[in-house]
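Once you have looked at the hints, place chains U, F and D on chain E.
Top line first, the protein sequences correspond to chains E, U, F and D. In terms of the numbering used here, the first sequence opens at residue 1 and continues consecutively. In terms of the numbering used here, the second sequence opens at residue 1 and continues consecutively. In terms of the numbering used here, the third sequence opens at residue 1 and continues consecutively. In terms of the numbering used here, the fourth sequence opens at residue 1 and continues consecutively.
Hints listed in this document are in silico derivations from the structure and should not be mistaken for laboratory results. Please note that a few of the clues may not be correct.
Since the list can't tell identical chains apart, any single copy or any two copies may satisfy a pair.
To be verified - In silico DSS-like cross-links for lysine-lysine, where the CA-CA straight-line distance does not exceed 25 Å: (1) Lys-150 - Lys-221; (2) Lys-264 - Lys-221; (3) Lys-35 - Lys-55; (4) Lys-35 - Lys-3; (5) Lys-372 - Lys-221; (6) Lys-150 - Lys-264.
Just so it is clear, the structure is predicted and the values come from calculations on it, not from any experiment.
One-letter residues, chain by chain:
There are 4 protein chains.
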Amino acid sequence: MPKNLNIGLVGGGFMGRTHSNAYCKVFHFFDLEYKPVLKAVCALPEEAARAFADKWGFESVETDWRQLVTRPDIDLVDICVPNNLHRAVAIAAAEAGKMILCEKPLARTVPEGQEMVDAVEKAGVPNLVSYNYRRIPAVTLAKQIVDSGKLGRIFHYRANFLQDWTISSNLPQGGDSLWRLDVAVAGSGVTGDLLAHCIDTALWLNGPITDVNAMTETFIKERHHQLTGKVEPVGIDDACSFFCHFANGSLGLFESTRYARGHKALYTFEINGEHASIGWNLHDLHRLQYFDHADDSQVRGWRSIHVSDGDQPYMNHWWVPGLQIGYEHSFVHQVADFLEGIARGEPAGPTFREALRTQQVCDAVLASAKEKTWKEI
Amino acid sequence: MPKNLNIGLVGGGFMGRTHSNAYCKVFHFFDLEYKPVLKAVCALPEEAARAFADKWGFESVETDWRQLVTRPDIDLVDICVPNNLHRAVAIAAAEAGKMILCEKPLARTVPEGQEMVDAVEKAGVPNLVSYNYRRIPAVTLAKQIVDSGKLGRIFHYRANFLQDWTISSNLPQGGDSLWRLDVAVAGSGVTGDLLAHCIDTALWLNGPITDVNAMTETFIKERHHQLTGKVEPVGIDDACSFFCHFANGSLGLFESTRYARGHKALYTFEINGEHASIGWNLHDLHRLQYFDHADDSQVRGWRSIHVSDGDQPYMNHWWVPGLQIGYEHSFVHQVADFLEGIARGEPAGPTFREALRTQQVCDAVLASAKEKTWKEI
Amino acid sequence: MPKNLNIGLVGGGFMGRTHSNAYCKVFHFFDLEYKPVLKAVCALPEEAARAFADKWGFESVETDWRQLVTRPDIDLVDICVPNNLHRAVAIAAAEAGKMILCEKPLARTVPEGQEMVDAVEKAGVPNLVSYNYRRIPAVTLAKQIVDSGKLGRIFHYRANFLQDWTISSNLPQGGDSLWRLDVAVAGSGVTGDLLAHCIDTALWLNGPITDVNAMTETFIKERHHQLTGKVEPVGIDDACSFFCHFANGSLGLFESTRYARGHKALYTFEINGEHASIGWNLHDLHRLQYFDHADDSQVRGWRSIHVSDGDQPYMNHWWVPGLQIGYEHSFVHQVADFLEGIARGEPAGPTFREALRTQQVCDAVLASAKEKTWKEI
Amino acid sequence: MPKNLNIGLVGGGFMGRTHSNAYCKVFHFFDLEYKPVLKAVCALPEEAARAFADKWGFESVETDWRQLVTRPDIDLVDICVPNNLHRAVAIAAAEAGKMILCEKPLARTVPEGQEMVDAVEKAGVPNLVSYNYRRIPAVTLAKQIVDSGKLGRIFHYRANFLQDWTISSNLPQGGDSLWRLDVAVAGSGVTGDLLAHCIDTALWLNGPITDVNAMTETFIKERHHQLTGKVEPVGIDDACSFFCHFANGSLGLFESTRYARGHKALYTFEINGEHASIGWNLHDLHRLQYFDHADDSQVRGWRSIHVSDGDQPYMNHWWVPGLQIGYEHSFVHQVADFLEGIARGEPAGPTFREALRTQQVCDAVLASAKEKTWKEI
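Next comes chain E alone, as it looks inside the complex (with noise of 0.2 Å):
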């Protein structure tokens, strides 16, 4: 008989319906120790907890996420609030002993991630930050390929999130969905949205990053700001590069931006190694791209794998091979490894700690593209 484990989720919008559907979902195809139960969630004003709890099925509300996290009923604290609450909330909820799942990136800036590490580790409370692309299946196959060695040395990482959503200049920042345009909430713009995401990533398949250089650009200087109703300066990075060493002695080279006409949400990564090398893409999530030197040289070539098979990661959970699973899933896969991490005492990555070296490139990108020189991470 699986035991319950109570849900507090701290968040009701984009993120916290993708966090619920997992919780809802997660039981249905995982055999799971623990089974996630709905108990609170909070969020403001009142009758949007209120709907959000209706929709959801979650049995209680709250408004004040200082109260969530105390309650003793709460087990698992789940963050899905914008960037300038993370550490507020996680430190909260470490302090009172709860577990917590926390919505990249972990922090706005190093230090404040650092605290967040520094709170959950004393707390000794499992956490994990939300880099859930990590958990798309064809990404975990080419984690699995990478940790096989069949790429011998890698000499190339490159990645790239290209949007196009904020090309407008009549797009407003602040308030609701749009807080990822206000720099004091998000902390920063494309940096820590989406290169954040191919920086985990890159740190999970190719190992430590030593040393960047960046460059970012604002494209609109000022918009409409809808919290304080006047036209303000933006003060986010609307679009940034950088290169950089790793660890093994590849190369980076990553991009990210939201003025990408015709790209919505193409996040792109490819492992060039000697003997083999790997692609994906974010549009075409149930596909990898693989080539493999070894393969006789006349029939050669890119194989593009449609990762639907019950022996590819995660997908003996769903359906039969050819059919297709999407973007949720992945936040399903990553509750369920959350889950079977804390009933076998092995927390699941991205920790807090892990997520704080996403950080620390990410902070060390902004700061070269800044003084315009290396930094080493």
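Showing chains U, F and D alone in chain E's frame:
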């Protein structure tokens, strides 16, 4: 306040899972008058029914479908058993005044299907056959484009459904998940299992088929039968091709097989009109291919539409642009549409009556192949 | 020192250009015993012949093909006139003892073609029909893979050839470049023009076809005729589909049309074997798709082979890996193979005799469609 | 009647072949005032020159380029020797009053290139550097789209050129076809060989680059040198990445390497504008990717334009829609444009002066990488 709608599911196999998942999810993503409640599931043996109920949250179990369909606390009977049981369950459910959602194909034969149509129409109960691919957003978008008239006169409709899972002669027939190879249970092979999907979509997008000419083949003539324990003749069609005329004057070409190495579940269709063409395939179900001859000739080309924006069918219920949904969501949409139709008093299609037309084409295809001649519908 | 081989070209249209280009280029890229010399071209009116000769460097012109084929300084007669003239020119050339390279299809009908076969075999002259797509490197590579036995038992062969250039009803028939719409000249529509290519490749890759069942359609029943100046009935098949059996037990499915909006010249084929599958299309003619079930299951997928390496067919004659060649090169390879075959005394295929088999399938297809019944070959 | 234009080719290697083929073909497909005549080729040793002349039809051979460039019967000197000889040959040819077509890059360094520009401008002779990819029809179409203004404000330009042919450490440097690995001869590695192409296209499509920041790497530090017979340090850049600003305010990101397993010659570029985006790659050089935000939102997607129609650049000179041309045709177009420019008195680009700007970016890139700092152009 939504009203509860009590679901009684007959069958706890693969399709039972897809339907249960749909009932669990639909209310989270759609605003509906009716909220499905998983009241009872019927399966055999009882421990299997019990395990299924525990996994998905059904309140009770049955081991005799006759029991389930007459329970007064059941509003909707969902039929997810093999084809040979569709008729009996559906008729009993209709006679009990239940709403019915039945997996495809409607039946093994037209006469069976006709009885089912008669039963639901006599009872006046809402009824739907689960041709779920209609409700992949890209396919629904295709329907919208067709209905807009943008294609002009239609010349060609072609579709195929290619799989490769029965190539091994060691694969047995009969029992459990292999009833699809047993003609007594399935009624036919790829024609009823796969071409039925292609035909349903075709009738929906391109109107009635008037006559057909078909070829079938059974590549592996004998297989071990799991129920009899002996090697038995294989009675199903392993592969089937046919061409046909549509009432609108266009030509159709269809093919299905389970012997196309490299294709797991590759359902594809393409429509060629005077002014524009449309293409789709299930292996990249989130994309629609569209060619518009009205585009400026220098920059004209097939558009690969990533169907993930809020103004594309169903997608405003899910995530944000660029983030894929998958196979399972077609069932969520199906339930949403069925429940909305019930609330509005306008049944969503395909109804049993509509699905009978698909059955008529299937039967004509099989007869044509057998008699080596054209068959009118 | 290479020996000169004097070419006499009959026909100065589109195909005359592709062949002339091949003769001009072949010696630059292949080491051959015979070096083609453009001795004479025959076309009408004389000024067109003169202009063609000036453009391509033919030494002389003729306006009567009977004159050309008997000139003692001509070694090889190349037939690039419309189909209705193939028979007469070829027989005359054979009687004059000339080597013959004839554009496809061999003839309008089997009886015509039989006469041509008889003539060249009686004369004992080298002869080749220009089914040039065999010599696209990716297609030749497909042949090598098939011959290697890697595919195992073959289950399916499917091909189509889709175009869209005759959709407008304002397009006239007859004369100049539009003789392909005039049944008296062309013999048939898409069957002889396009399906003949598909059939030639199929017979080459997959062996004999034993019986066929076909459907044809003429969408636009009347067109202005450029020669008569009147609106005349259209006698050709605008579209044709057929299925068939191959002698090796596999099933064939073929389709061609000139009414598939968005496809300019989309010849595609796919072969599904027990162990592996192959796919190709003319719109990306430099790529071969290959699926090998023997690949490790986790990383198995369709390989997109960029056929541009020196160890792939013909490619050691061209540039460096990654750099494409195109349509015209298939004709260069054809001439190279023909001349090498002549030097070796082993004729390159398809000979007239081999091409007659394609004609037999075409005739059976047209008869099947007309009589609405299966036809044996 | 066209006038003869006598060509003197210096260099009989790979590029000598591409240029010779272009001279042989151009008159067959373009109507020109000047008809190239292959008057002389210069190569070493003499038997190689002789063999090359026999193969391609050059009337005479030279073994000393100084001899060739002063021959009175030579009108145009075509420079296809390694980079270290460009300067000397070009200056001598200019002083002899010859028209000059020079392979890229213009020179090893800006000072060398500046001398060459001064020489041709002082002599007033037509001059062109062979950045042939400008004249791939899809790339030329990209230029037309950019010039039409359809893209609006440009935000991003990214390009890379990925190869994998030098991954083996057993590959020697120096001599014959491997001079590209010898820094003394080539001047640089991927920067001059591959990025130079990317930069030329970028300057052409997107205007001047104002500053750059680069990283280079030499993965294999020592290789056997074929000329010295010893293991020698490798002086070239094996890989190079840089980002930059364009004068129009857009950001650039460039990468090249010869260590990207699986990519033979994958030159790609993408331009993101406010209203539309364009993408292209050399492995499918006949296609252009185009996204137009003005398309109706429901059916908006990247168009894959098969650039093979008569109203697309250069294509009216070749075959019919759907039939690809390849790599070699870019050289034919280059010669056609150069000869037409000469006839019109308006030189086709890129002239030596224009190509010097590419050299300036290359030099700044290498200096930036060496000094680890931004460099202005």
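Hints and how they fare:
no. : hint              : verdict
1   : Lys-150 - Lys-221 : between (46 Å within a copy, 24 Å between copies)
2   : Lys-264 - Lys-221 : within (22 Å within a copy, 41 Å between copies)
3   : Lys-35 - Lys-55   : both (19 Å within a copy, 11 Å between copies)
4   : Lys-35 - Lys-3    : within (6 Å within a copy, 27 Å between copies)
5   : Lys-372 - Lys-221 : within (20 Å within a copy, 29 Å between copies)
6   : Lys-150 - Lys-264 : between (32 Å within a copy, 20 Å between copies)
Violated hints: none; the structure is consistent with every hint.
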